[in-house]
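Work out the full structure, taking the sequences as your base and the hints as a guide.
As you go down the protein sequences, you meet chains A and B in turn. The first sequence begins at 1 in the numbering used here and counts up by one. The second sequence begins at 1001 in the numbering used here and counts up by one.
These aren't lab readings, by the way, just hints derived from the structure by calculation. From a predicted model like this one, the values you see are computed outputs, not experimental measurements. Backbone N, C-alpha and C fix where the C-beta goes; we use that ideal spot for every residue, glycine too. Treat the hints loosely; a few may be bogus.
[Claimed, not checked] A few chain A positions that, by computed beta-carbon distances, are all more than 10 Å from chain B:
1. Gly40
2. Glu55
3. Arg60
4. Leu61
5. Lys69
6. Ser73
7. Asp83
8. Glu97
9. Pro111
[To be verified] So, partial list: chain A residues that the calculated Cβ filter (under 7 Å) puts toward chain B:
10. Ser39
11. Gly42
12. His45
13. Lys98
14. Phe101
15. Gly102
16. Thr103
[Stated by the list, open to error] Between beta-carbon pairs, the in silico distance windows are:
17. Lys56/A / Lys1009/B: 31 to 39 Å
18. Asp66/A / Arg1097/B: 18 to 26 Å
19. Thr20/A / Ser1095/B: 44 to 52 Å
20. Lys56/A / Ile1054/B: 27 to 35 Å
21. Leu61/A / Arg1097/B: 19 to 27 Å
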Amino acid sequence: SQQGEEDPQALSIQEGENATMNCSYKTSINNLQWYRQNSGRGLVHLILIRSNEREKHSGRLRVTLDTSKKSSSLLITASRAADTASYFCAISNFGNEKLTFGTGTRLTIIP
Amino acid sequence: NAGVTQTPKFQVLKTGQSMTLQCAQDMNHEYMSWYRQDPGMGLRLIHYSVGAGITDQGEVPNGYNVSRSTTEDFPLRLLSAAPSQTSVYFCASSSWRGQETQYFGPGTRLLVL
Chain A
1 SQQGEEDPQA
11 LSIQEGENAT
21 MNCSYKTSIN
31 NLQWYRQNSG
41 RGLVHLILIR
51 SNEREKHSGR
61 LRVTLDTSKK
71 SSSLLITASR
81 AADTASYFCA
91 ISNFGNEKLT
101 FGTGTRLTII
111 P
Chain B
1001 NAGVTQTPKF
1011 QVLKTGQSMT
1021 LQCAQDMNHE
1031 YMSWYRQDPG
1041 MGLRLIHYSV
1051 GAGITDQGEV
1061 PNGYNVSRST
1071 TEDFPLRLLS
1081 AAPSQTSVYF
1091 CASSSWRGQE
1101 TQYFGPGTRL
1111 LVL
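Quick look at the structure:
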């Protein structure tokens, strides 16, 4: 399977701390995306990073991509209670029209 | 813009019944897709469409049919519901290609008894 695998499966941190979650994959990719899902809601796109990029930022989010290790990380700085959600990575490969999602990291921010 | 809308929000079916999950988008997106989400499984692609009149199978297409007669609508049909189809179903769309940013609907929670 070309599915991305997130690590850890669950993470609990204190509000104000930084949260880091990782995604590993098996094959060459076109791009890698991160999505957030609040409980009972649809997924919301956070960041897309292409295979020729190494780092991208969006507000308190920083995504890195290491194609040699086939891995990506999502860093959320200065976490807030509203960041409590599940976070998914999704990978796309050249030559098809599909995104393949991982199983997600459940992040809990403790006030 | 309403974005991606899905109806119904929740549905209970008996085994063997059929139904159609509706999905519509008002962003003039060419690409639309259906996923199912099960606990511990992440999202799995059921069917997708790269434009009106064009559909293709995803990872788990068995038991589901789709059609795309307009750019806006992409209904998902369950032909004969089975308990294994109990899941949360998400529709998504993308402005260009399936590999780019996806915009998700709020989901339909389906329970098959």
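Hints, one by one, checked against the model:
{"no.": "1", "hint": "Gly40", "in the structure": "violated (8 Å)"}
{"no.": "2", "hint": "Glu55", "in the structure": "holds (18 Å)"}
{"no.": "3", "hint": "Arg60", "in the structure": "holds (19 Å)"}
{"no.": "4", "hint": "Leu61", "in the structure": "holds (15 Å)"}
{"no.": "5", "hint": "Lys69", "in the structure": "holds (21 Å)"}
{"no.": "6", "hint": "Ser73", "in the structure": "holds (18 Å)"}
{"no.": "7", "hint": "Asp83", "in the structure": "holds (18 Å)"}
{"no.": "8", "hint": "Glu97", "in the structure": "violated (3 Å)"}
{"no.": "9", "hint": "Pro111", "in the structure": "holds (26 Å)"}
{"no.": "10", "hint": "Ser39", "in the structure": "violated (11 Å)"}
{"no.": "11", "hint": "Gly42", "in the structure": "holds (4 Å)"}
{"no.": "12", "hint": "His45", "in the structure": "holds (5 Å)"}
{"no.": "13", "hint": "Lys98", "in the structure": "holds (6 Å)"}
{"no.": "14", "hint": "Phe101", "in the structure": "holds (4 Å)"}
{"no.": "15", "hint": "Gly102", "in the structure": "holds (5 Å)"}
{"no.": "16", "hint": "Thr103", "in the structure": "holds (4 Å)"}
{"no.": "17", "hint": "Lys56/A / Lys1009/B: 31 to 39 Å", "in the structure": "holds (34 Å)"}
{"no.": "18", "hint": "Asp66/A / Arg1097/B: 18 to 26 Å", "in the structure": "holds (25 Å)"}
{"no.": "19", "hint": "Thr20/A / Ser1095/B: 44 to 52 Å", "in the structure": "violated (30 Å)"}
{"no.": "20", "hint": "Lys56/A / Ile1054/B: 27 to 35 Å", "in the structure": "holds (32 Å)"}
{"no.": "21", "hint": "Leu61/A / Arg1097/B: 19 to 27 Å", "in the structure": "holds (23 Å)"}
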